[in-house]
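Asks: Chains as they are written, first to last, in the numbering used here: chain A, 1 to 256; chain B, 257 to 509.
Honestly, the hints are just simulated from the structure, not real lab data. Just to be clear, a hint being listed does not mean it is correct.
[To be verified] Which residues of chain B face chain A? A partial, calculated answer using Cβ under 10 Å: (1) Gly338; (2) Thr341; (3) Thr435; (4) Glu438; (5) Val439; (6) Ala440; (7) Tyr443; (8) Gly444; (9) Ala445; (10) Lys449; (11) Arg453; (12) Val454; (13) Ala458; (14) Leu460.
[Said to hold, decoys possible] On the chain A side, residues computed to face chain B include the following (Cβ under 7 Å): (15) Gly84; (16) Trp88; (17) Phe97.
In this text, a Cβ means the ideal position worked out from N, Cα and C, and glycines have one as well.
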Amino acid sequence: MTLTAKNLSKEFVSKQGEVLALENISLHIEDHEFVSIVGPSGCGKTTLLRLIAGLITPSSGSVDYGAQGTNGKPYTAMVFQEQGLFPWLNVIDNVAFGLEMQSVEERERHQRAQEFIERVGLDGFAYNYPHELSGGMRQRVALARAFLADPQVLLMDEPFGALDSQTRLVLQEELLRIWGQEKKTVLFITHDVEEAVVLSDRVLVMTGRPGRIREEIVIPLQRPRDLTVRDRPEVTEIKWNIWKMLESEVKQGLNL
Amino acid sequence: MEHMEDAGKRSETGVKPVAKLKGFGSSILGLVDRLGPWSALVIVVLFFSWWEFISRTEMVSTLFFPTPTSIFSTLVEMITTGKLTEDFLATMRRVFSGFLIGGSVGLLLGLSMGWIARLRIVLDPIVAAVHPIPKISLLPIILVIFGFGEMSRTVMVSIAAFFPMLINSMAGVTQINPTYFEVARNYGASQWKIFRRVVLPASLPLVLTGARLALTMSLTITIVVEIRWEVQVWEPTSGWPGKHCALRSCTRW
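Okay, chain B solo, but in the shape it has when bound (with noise of 0.2 Å):
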């Protein structure tokens, strides 16, 4: 509290609030404009000290919301005994497997739907109807499929990286200004030029937009798959797991 009065007062000789407070709203305003972006550090110390002071009061039970210095005594543990990059590279060779294999098909399969109308005509109707279904509601026959295993979670991957590779690299060449085909085809360029000098340039901004929502979505599935597991695996057995254990033991899955 010493530190607002203080604000406080300088605002008065210093920067002027922009509304005219009395108090408490003027010192807040002062300190606002005294810290400028660092404010946000402000809140973010006072959340955590809060946090801290209600674990530690048993205010809220310690199984649901441990202490914030315990939590990161763990994080430091688990980096340095290797276990969290382990954990964190296990997650991200699922999350690139499936986005390189789902993405690279998606766009073949989508700049060849972009530029052959009827491969369009046939396929886009299809995919139309499958890529608003929950790619996690695949889940269950996938498993069927696949078994409990690392194929399943790379198919799942899969296929949620595979669409928004496919609708993006499309639109990217159906939007493509039809003039540009036309000059160079006027200029007697073969159908691989076209591909190479307008198809792939052309439609580029929206193929890197794909890419990043196929990221993305592989990110998610990946999270939402490993957690899965843990909930196959865990369910039949008794008592909790306990703390912390959660996350880590799913990724070894």
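Chain A extracted, bound-state conformation (with noise of 0.2 Å):
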């Protein structure tokens, strides 16, 4: 399914006056195509997020998500930072939960639940609750919970930002694997440019507030890939190209 956004922007009221979080923003996303949001931290990822999750309403302009009829399906479900998970809801009500609000029956939408557990490795824990994870497996029963609610698109907002580094390594090469599996059309937000870059087959750069699309850069990476291709001297070409966008803005951002 594709997404598109038009002219989006979104003002808010607050006590010193009206804000500028987001200004004229236009992105278009294919079918299966996986792009990425870098950008300093402020510059309103986030509520883009939220605007194309129709969370927020814009202040102006549109998002289309290019489909007619979903069959009870969600447009869009969200993988967010942390705190995703309902903490009184064991691992496999909290990976149907999508499927449950589909009105799926129980024993069906625990089956398909079953199923996705065992594909992210966590056989075993689907009767466990939250709080008895850690941080790493959290985000993997985040990730199951989107992808078997099937959306059109699929949304992330720094899914892997409160991870460390070793566990972010486990969980991007689990990314790719899944979504190698069940194509969706993904749009993922992070402020680690190297994981944007392995991950993704188009990258866009923000500006700090009002926030605004910079630069598109395509990844001109082969699938499948694993997590190796960040070795390679163009995928640190990239990257250099990429942070002397971003550079400026996080001095600015820091008053440097």
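Given two chains presented individually in distinct reference frames, assemble the corresponding complex, making use of the accompanying hints.
Replies: And the structure:
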């Protein structure tokens, strides 16, 4: 499924007055394309994702999911950085939550959830609660939940941002593997430039507030990929290019 | 006293006292070390023995301080005649009817106020203004409206149970991490499903706290309104009601 956003702007009203968080953002994501957005912190990446998810309404502009009937399936499913799982539900009910909202009957949704739990390597943890799992395991549950809901577009808001660097590598590889099996249209937000380059078909670089899309970089790497691509010279070059675009913005944000 | 000397000897050979005390002090410590938590029982027994002693020897008036043995025999009598059970059930009926009425209204309104911001904006100042009023000070007006009877009691207990339940269930909903609502909405949850799968479970800990506080308040106010009736009834009559009869008679009203 494709995703098209046209001239999206978002203003927030605060006590100091109106703050323009996003200005005139247009983007288009092809069916089964993996697109990442990188940008300095506070540039409105998360706001953009929430606009696309329909959790907030834009001040102007529109979002088009390019599909007609959805058979009760959600347009988008979002993977949050943390706190996205319900602590009062065990793993299998968390994973099956999307199906439950689609009114899938309990036995069937548990069966399908169990399948996905095994695919993210959590067999044996179906009846544990989130607080009994490590951060990496929790994010695997969140991934399983999002994939199982079978949305048209998968939205990921720095899903590995709170993990340690080793766990993050493992989860990136896992995401590549699952995405290879279940081709989905993905919009992935991260502050980790290397993560964006390694995972994506395209990387969009955003400016600081008000957030605008500054550059679009096509990643010329073959699929299927694994994490070894990070050592390729062209990846290093792209990383440095992106960093050069971000550097001044980041420094501005730090008042340097 | 034999007791303590004996303990003192033991402490020299067995457990050593923490502080180096001589004579009486070390005997006490030795006793505590030997008896552990049972020492408390010794204190209780000593206390009642002393009470029995000063009542029997008329050092204090038995009108105000009847001997523990006579209190106990009255207790046995009240149990065997079924009087105590009857009074106890009457009190519990009041506690729980008020708790259920006031608590359920408080729960429903609290959850709604927590969930619907507009409702909270309108009603929260009123709740904040009314809540600090000592509930018992409402008794005169409640008596005027509902009369001297069971109705007034139930209303008083309901009011007492209402506020802790309302405030805690409202807080139970407002403290829910907004991410949970976003996740549910993102997966297409209807309002009813959000209520059942997010609002209810996430607010449960504070709702239970509210129920505990409401039950305590219900019991307190029940006892208070039972005693108040007693004063209302007995004041005009002459003379003292007999021993023990105060609490018994009031629960019949």
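Asks: None of the hints should be skipped; say for each whether it holds.
Replies: Right, here's what the structure says about each hint:
{"no.": "1", "hint": "Gly338", "in the structure": "46 Å, violated"}
{"no.": "2", "hint": "Thr341", "in the structure": "41 Å, violated"}
{"no.": "3", "hint": "Thr435", "in the structure": "5 Å, holds"}
{"no.": "4", "hint": "Glu438", "in the structure": "5 Å, holds"}
{"no.": "5", "hint": "Val439", "in the structure": "6 Å, holds"}
{"no.": "6", "hint": "Ala440", "in the structure": "7 Å, holds"}
{"no.": "7", "hint": "Tyr443", "in the structure": "5 Å, holds"}
{"no.": "8", "hint": "Gly444", "in the structure": "5 Å, holds"}
{"no.": "9", "hint": "Ala445", "in the structure": "5 Å, holds"}
{"no.": "10", "hint": "Lys449", "in the structure": "6 Å, holds"}
{"no.": "11", "hint": "Arg453", "in the structure": "8 Å, holds"}
{"no.": "12", "hint": "Val454", "in the structure": "7 Å, holds"}
{"no.": "13", "hint": "Ala458", "in the structure": "7 Å, holds"}
{"no.": "14", "hint": "Leu460", "in the structure": "8 Å, holds"}
{"no.": "15", "hint": "Gly84", "in the structure": "6 Å, holds"}
{"no.": "16", "hint": "Trp88", "in the structure": "4 Å, holds"}
{"no.": "17", "hint": "Phe97", "in the structure": "6 Å, holds"}
Going through the hint list in order, the structure does not satisfy hints 1, 2.
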